[in-house]
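**Q** Read off the chains here:
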Amino acid sequence: MGDILGLVLKRLGFGLITLLIISIIIFFMVELLPGDIAEAVLGQGATPENLAALREEMGLNKPAFVRYFEWLGGAVVGDFGNSVVSGERVSTLITERFINTLFLAAYAAVIAVPFAITLGVIVALLRNTLFDRVANVLTLTSISSPEFFLGYILILYLSVKTGMFPAISSLRADMSFADLLHRTFLPALTLVLVVTAHMMRMTRAAIINLLASPYIEMARLKGTPPWKVIVKHALPNAWAPIINVIALNLAYLITGVVLVEVVFVYPGIGQALVDAVSKRDFPIVQACCLIFAATFILLNLAADVGAILTNPRLRHPK
Amino acid sequence: MSVFVVLYFACLIIASCLAAFYEKRGPFILLFSLTLISFILGIVGGTGALRFVAIAAAVLAFAAGVAFCFREFLVVLLPTKIGKELKTAPLTAAFGLFVIFTYAIAAIFAPWIAPYGESEVIASSFAPADENMLLGADQLGRDMFSRIIYGARNSVGLALAATIAAFFLGAAAGLLAATKGGWFDQFMGRFADVIMSIPSLIFALLMLSIFGPQVFVIIVAVAIIYAPRVFRLTRAVAGNVVVMDYIEAAKLRGEKDSYLIRREILPNSTAPLIAEFGLEFCFVFLLVAGLSFLGLGIQPPTADWGSMVRENATLISFGDITPLIPAAAIALLTVAVNFVVDWMLFRSSGLKE
Numbered sequence: 001m002g003d004i005l006g007l008v009l010k011r012l013g014f015g016l017i018t019l020l021i022i023s024i025i026i027f028f029m030v031e032l033l034p035g036d037i038a039e040a041v042l043g044q045g046a047t048p049e050n051l052a053a054l055r056e057e058m059g060l061n062k063p064a065f066v067r068y069f070e071w072l073g074g075a076v077v078g079d080f081g082n083s084v085v086s087g088e089r090v091s092t093l094i095t096e097r098f099i100n101t102l103f104l105a106a107y108a109a110v111i112a113v114p115f116a117i118t119l120g121v122i123v124a125l126l127r128n129t130l131f132d133r134v135a136n137v138l139t140l141t142s143i144s145s146p147e148f149f150l151g152y153i154l155i156l157y158l159s160v161k162t163g164m165f166p167a168i169s170s171l172r173a174d175m176s177f178a179d180l181l182h183r184t185f186l187p188a189l190t191l192v193l194v195v196t197a198h199m200m201r202m203t204r205a206a207i208i209n210l211l212a213s214p215y216i217e218m219a220r221l222k223g224t225p226p227w228k229v230i231v232k233h234a235l236p237n238a239w240a241p242i243i244n245v246i247a248l249n250l251a252y253l254i255t256g257v258v259l260v261e262v263v264f265v266y267p268g269i270g271q272a273l274v275d276a277v278s279k280r281d282f283p284i285v286q287a288c289c290l291i292f293a294a295t296f297i298l299l300n301l302a303a304d305v306g307a308i309l310t311n312p313r314l315r316h317p318k
Numbered sequence: 001m002s003v004f005v006v007l008y009f010a011c012l013i014i015a016s017c018l019a020a021f022y023e024k025r026g027p028f029i030l031l032f033s034l035t036l037i038s039f040i041l042g043i044v045g046g047t048g049a050l051r052f053v054a055i056a057a058a059v060l061a062f063a064a065g066v067a068f069c070f071r072e073f074l075v076v077l078l079p080t081k082i083g084k085e086l087k088t089a090p091l092t093a094a095f096g097l098f099v100i101f102t103y104a105i106a107a108i109f110a111p112w113i114a115p116y117g118e119s120e121v122i123a124s125s126f127a128p129a130d131e132n133m134l135l136g137a138d139q140l141g142r143d144m145f146s147r148i149i150y151g152a153r154n155s156v157g158l159a160l161a162a163t164i165a166a167f168f169l170g171a172a173a174g175l176l177a178a179t180k181g182g183w184f185d186q187f188m189g190r191f192a193d194v195i196m197s198i199p200s201l202i203f204a205l206l207m208l209s210i211f212g213p214q215v216f217v218i219i220v221a222v223a224i225i226y227a228p229r230v231f232r233l234t235r236a237v238a239g240n241v242v243v244m245d246y247i248e249a250a251k252l253r254g255e256k257d258s259y260l261i262r263r264e265i266l267p268n269s270t271a272p273l274i275a276e277f278g279l280e281f282c283f284v285f286l287l288v289a290g291l292s293f294l295g296l297g298i299q300p301p302t303a304d305w306g307s308m309v310r311e312n313a314t315l316i317s318f319g320d321i322t323p324l325i326p327a328a329a330i331a332l333l334t335v336a337v338n339f340v341v342d343w344m345l346f347r348s349s350g351l352k353e
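Heads up: the protein sequence lines correspond to chains A and B, in order. What the first sequence shows, in my numbering, is residues 1 to 318, in sequence order. What the second sequence shows, in my numbering, is residues 1 to 353, in sequence order.
Hint data in this document are derived by calculation from the structure and do not stem from the laboratory. All values reported here derive from a predicted model rather than from experimental measurement. Heads up, the beta-carbon is just placed ideally off N, CA and C, and yes, glycines get one too. Mixed in with the good hints, there may be bad ones.
[Said to hold, decoys possible] Taking beta-carbon pairs under 7 Å as the criterion, some of the chain B residues facing chain A (in silico): (1) Val194; (2) Ser197; (3) Ile198; (4) Leu201; (5) Ser209; (6) Leu286; (7) Gly290; (8) Ile316; (9) Ala327; (10) Val335; (11) Asn338.
I would like the entire structure built from these sequences, with the hints used as guidance.
**A** Okay, here's the thing in structure tokens:
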């Protein structure tokens, strides 16, 4: 067991270092601004006094390294400073939106994961049949469409023409859970469509790869019934690639959410990021980027750790 | 029962009978299961649903016909060696080639094809389609059709430029890392890992927020984001070539790194790189379209598909499909490129076995 723990710890350490480097990139990219943040925020007409006051307020007079460590120290405990535009605390602006985004992603994942993996396994078992070809073309089309295309098609047919679901997902605190699910159904469905296609293709590839290996052929040749080949021989080795597929797609979900949130005017962190980018509100941009990157890295990490933990060869050392 | 429904089922049953008579198993199963599904569909959805199925089938048949003709056309036109290869291409790949060809024509000859100028106001805003305007007018009264034609030039051109930049950066670094090896290789590998662990859209938004939405910034940002992917593949492909004996021989001859890359490694790793270029183009195209949809791509009044969707999005709530057309144009091109790449990947993997 020591081996596994070592591997997992090593992977965790590597993830942490990556996150640190990314935080450095995110912070010092803003330093690359022509001029500085104060000039970018106040624009051309700023008087020297205003600039000096803003610099003082934002602590821009300190050297960049000091500010980086202050920023990082704050970020670790959830304090990202104040918004440049509204002056409010970034953490209060973002927290609720981040929870909304996580809810949307979780909603989509709960539908997409079982659906996609079942379909992927079926398609892998029926490979090279007509069903497989049709599924291939359909998933390829779904992957190739921009998220907003799928989103607007769903709005047109499920909202405008039939009126089954609301096109704009405005959320209120006093909504019942069923109401919440109904209101966020269209954005969730858009994400489900995109992610399912990705996941199906990846599951199919993983399973076909596995079924081609010699020990599966051996099991077949000795007369094991097909379902037993799958359940007893293929599945234990298939967990690692499948967990990998799930984690990678959840990571994809987290970023795919940005466009979908804008299409459906969903009050999530993705929309906050886009708004902040067009208003050049750097503290919010930095905070959102860091949160997205951290989630992305965390899920990739989960994929790796899951792959290590479910690897039968590592669990039963010789 | 309308005439349409009777005709619909008659056609399906006759076609399945024919398929069964000539012992075509696949088409028979497809046609007959479609017949059975149509019974249920007809009961649930009425004539409308059946009409939809018929239209979808007609569109598919039309696309297949176009693809078939275009493939034959290319086979006849091109030299025999390439023609023979093309003859084995599946219809999806031929369809992809046809779409790419059409887009290229639209992009190159945009000023001659488009009836109006790119930002020429000719009608009131959101005017419906008439004999002058094929697709109606957009939110400022500009001709939608002309803007879509010009969009082919701007959107695809930008994505292509960005892909080429990413590709050169990544491929050069990958080839250099494979030839040089050592700490340079290690460093570039780690660096690529870090860049790839930032979600691409988020990284692009970060860079655009800092340097502003200009075409040059978009190209550089996309090049930085996608170069690591190209780097990884090039490194892997070239890594397999570098260990060959003929490279060793060339090294012993005293050839320089640049010669090794140009004359020995590159010619032996082009096939996977071309497929990767297509795949990379799809990713870049979708990313750039996403950025322009968010209002951070090519700035108005330049016609661009992503921002056209955003500008006309309000029409959706009136049940008008106009804003979907530029979005569909994006999807169609990506699908087409994917079809062609799929075929190329299949071919290169088939050759290996």
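**Q** Give a verdict on every hint.
**A** Verification of the supplied hints:
1. Val194: Since chain A brings a Cβ to about 5 Å from Val194 of chain B, closer than 7 Å, the hint holds.
2. Ser197: 5 Å, holds
3. Ile198: 5 Å, holds
4. Leu201: 5 Å, holds
5. Ser209: Constraint on Ser209 of chain B satisfied, holds at 4 Å.
6. Leu286: Since the shortest Cβ distance to chain A is 6 Å, the answer is holds.
7. Gly290: 5 Å, holds
8. Ile316: With a minimum Cβ separation of about 6 Å from chain A (threshold 7 Å), the hint on Ile316 of chain B holds.
9. Ala327: 4 Å, holds
10. Val335: Check passed: Cβ of Val335 of chain B comes within 4 Å of chain A, closer than 7 Å.
11. Asn338: 5 Å, holds
In the structure shown, no violation is registered for any of the earlier numbered hints.
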